[in-house]
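**Student:** Chain by chain, the residues:
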Amino acid sequence: MRRLRVQLTVLLALLGLLVVAWGAAIFLAARDAARSNASLQTTVERVDELRRAATRLSRDFVTMETTRRAYLLTGDEAARQAGARAEESAVRGFRRMRQLSDRWRSLLPLVEGVATEYRAWVRTGQTELAAREVDARAAALVAARGNADRHFQALWRRQTDLEDQLARAQRASARSQDRTYETAQTLAVRTALMMLGALTLLATWLRRAVGAPADALRSASGRLAGGDLETPVELGVENELGAVASDLETMRRRLAGRMEALERLRHLSAQVVGATSLQRLAEVVLDGLRPEVGATRAILGAARPGGDLVLRALAGFPDPGVADDIVKADADIRQVLPLETLRAGQVVGLANLDRLAASPALRDLVARMGIRSLALVPLLSRGRFLGLLALCWTERHPLDREQEALLGLAGNQIAGAVEAALRLEEAERAAGEAQAVFYAIADGVLLTDPFGRVTAMNRALEALTGWTEAEATGRPYAEVLPLATEQVDGPVDLVSRYGRKVPVAVSSAPIFDARGRVVGGVDVIRDVSKEREIDEVKSALISTVSHELRTPLTLIHGFAELLVLRDLPAERQRSSAVEILDASRRLARLIDDLLSVSRMESGRLVLDPRPLDLAVVVERILSPFRAMAAKHTLRTKLPTSLPVVWGDPDKVEQILTNLVGNAIKYSPGGGEVLVTVDADGDAVQVSVRDQGIGMSPRDMGQLFEKFYRVDREEVRRAGGTGLGLYITKRLVEMHGGRLWAESWPGVGSVFRFTLPTSDELAGSGR
Amino acid sequence: MKLLIADDEPAVRALVHVTLEGDDYEILEAADGVEALEVARGEAPRLVLLDIMMPRLDGLEVCRQLKADPDTSDIVVVLLTAQAQERDRDQGLAAGADDYFTKPFSPLALLNMVERVRHNQSGAD
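Going down the list, the sequences are from chains A and B.
Residue 458 is where the first sequence starts when you use this note's numbering, and the numbers rise one by one after that.
Residue 9 is where the second sequence starts when you use this note's numbering, and the numbers rise one by one after that.
Simulated from the structure, these hints should not be mistaken for laboratory data.
Quick caveat, the model's predicted, so the values are computed rather than measured.
Ideal placement from N, C-alpha and C gives every residue a C-beta, glycine not left out.
It is possible that part of the hints are untrue.
[Claimed, not checked] Example chain B residues on the side facing chain A (calculated, C-beta under 8 Å, incomplete):
1) Glu17
2) Val20
3) Tyr33
4) Met61
5) Leu65
6) Gln73
7) Ala76
8) Lys111
9) Pro112
10) Pro115
[Said to hold, decoys possible] A short, non-exhaustive set of chain B residues, derived as facing chain A with CB atoms under 8 Å:
11) Ala22
12) Ser114
13) Leu116
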């Protein structure tokens, strides 16, 4: 994967080499140029110097010629001397010329040629001079002069040749210098062209290997940034950029996966909103998360206000009985549950439950649940810890970071729905409770809207009013609940639909909503007929008892006072004492009867039942009556064999004594009293028949009521508390028997009662 | 002087008898309200002792009828009751009764009251 870097390194190295080569070429060319330039310069300078020396020599030649001629003409000594000086200078000039031209072999012959001519010229010149001194003859002179001129001209030609030669040499050096510069320039230009080519190649390669893929990467990352997760990222190059592209592609795939998961989560949250029960919610969540994380079972726990968790729903478990196991292991679970972490909103993965289950109870539980791994997903809504979603795997399943993040998100998504479902369940429960209370309450309850129309009524009120809830709903409440009262603050009667009056106690209250507006009313109607009846009975009883007690007391008090304060005749004294005695007995009997009634009514009177032979009991109770009742005939009709009855001997005797006593008491004219005992199915029936005053049907109806006494003089005269028959009837009923009477005014009465045989279970508990 | 004792309890009537015996009183008896009204209208006694709780017609009603009838409204009505509550006394006085005895009563107090009525009558005569 280091290909690009290697390629770049190699390229840069090549480029560097090129630059170095270019530099070296230029450097070498410049050095050569500089070097040849310096030699040329020396040559040029020498040539210049030679030319100057040649020129000076020429000048000396001219001076020597002119002075020689002047001397020859004039003989002027000064001119001869000037010529001598020029001659010396020419000698030095030749020396210099030879020195300078020793490097140019081509020049030396020229210089030597000039020197030879010079020497020839000087000789002729000296000849001429000698001719002048010796003999100033003109012929010789002219001849001499002619020679000297010729030599001078030859010299001058040679000198001119030399100078020409020198000028040519000077021009050649200049040309050579120019050639050196041209070579260096050519080299520099060629190298530059090569480098340009190399750079072009480099650029082309860079564009292919780096530029295009970089552009592709740029546009791919631009697409990613723009949210396009569909188009794959591909470069087709195998260098570092290709690696970047493949990383980008991986990133794109994961992002696309995440987006898809998020999309599914969004679906999940849409679905959970529709789930109204926690059970349904757990199922929906499990279905939604199974494709994402592979969990196959889920547990939903809700946090109680105290902070501990309560199991609320299971999903995916083949055996729902696991719920009981979880509830049983509650304490152990609470010990290992990382509640603090969960409360902080952190998903906790427990990949290996086998190792984690610390206590045997938990190990059992995990085995029974059939799971190997757990993920605990906290459910937080607006920072409040609502509960826990536990996802279960049947195999080992460590959570990766992506799944953890996903579950965290899922937890947030469903927390709201969990909260709503909890609220709904709570509200439904409360509503159910309220409704159950409403309908089950024994008092009548009526709900109305703010306009007084019935919105609901319970069973008790249906029974009281005769309206059904369905009929009453929507009607004005006064129609359903007509109340009648005779006086303000007095007792209130409810008039039912069928005209029945029921004494009621009504309490009413408005119903307010959260903002304090009246949204209806509630009326609670209690049937107080029992209470009122009890009140009436109580006050009647008190008044009766008071009356019954005061009458004998009046007699005792009255006769005793007369005995003490009045001087009565002896006969009157005795009758007064008898009255006192009778009244005292009556008082005592009354008190006994009252106590009996009280004991019976409060359930304190307990029978002591045993098998009894009724024939024996009848004979026993009749004997004292036989002794007392002179006017009456007491007869019995007993079968030879009787089933044994089950009864308390004292109480059975009391029953018989009361009935026989009444028969005698209310047949003041005497006559027969017949006591008959007969087997009657499972019971034995006893009847007591008299030939007394009898009773009207009206009296018969109230005969067995407390303190009821037939309103007749004979009855009054007979005395009595009005409690005897009431007590007798209660005693018979306590034995599990029945007491009833038949009577005809003026003819007599029959009182009959049954007692169960000992085979039959007696009502001994009463 | 004629007086009527109306009480459903024979022993009470006997007590009144013994109390007033020998003092020249003509004592009439009635065992219930209806009988008491009949006797009172027929015999015109000077004083009626009326038990309140009587069969057929109670003492208060007898008193009311006696007081409502101009022929009998002069009769002194004294109520006898076994009920000692204020309510009964008020009811009795409202019915027009002249006096009121609560059982158990003192025979001598009754005698004194009757004597007083006789003296008032003789004074008025």
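**Student:** So which of those numbered hints doesn't the model satisfy?
**Tutor:** 3, 5, 6, 7
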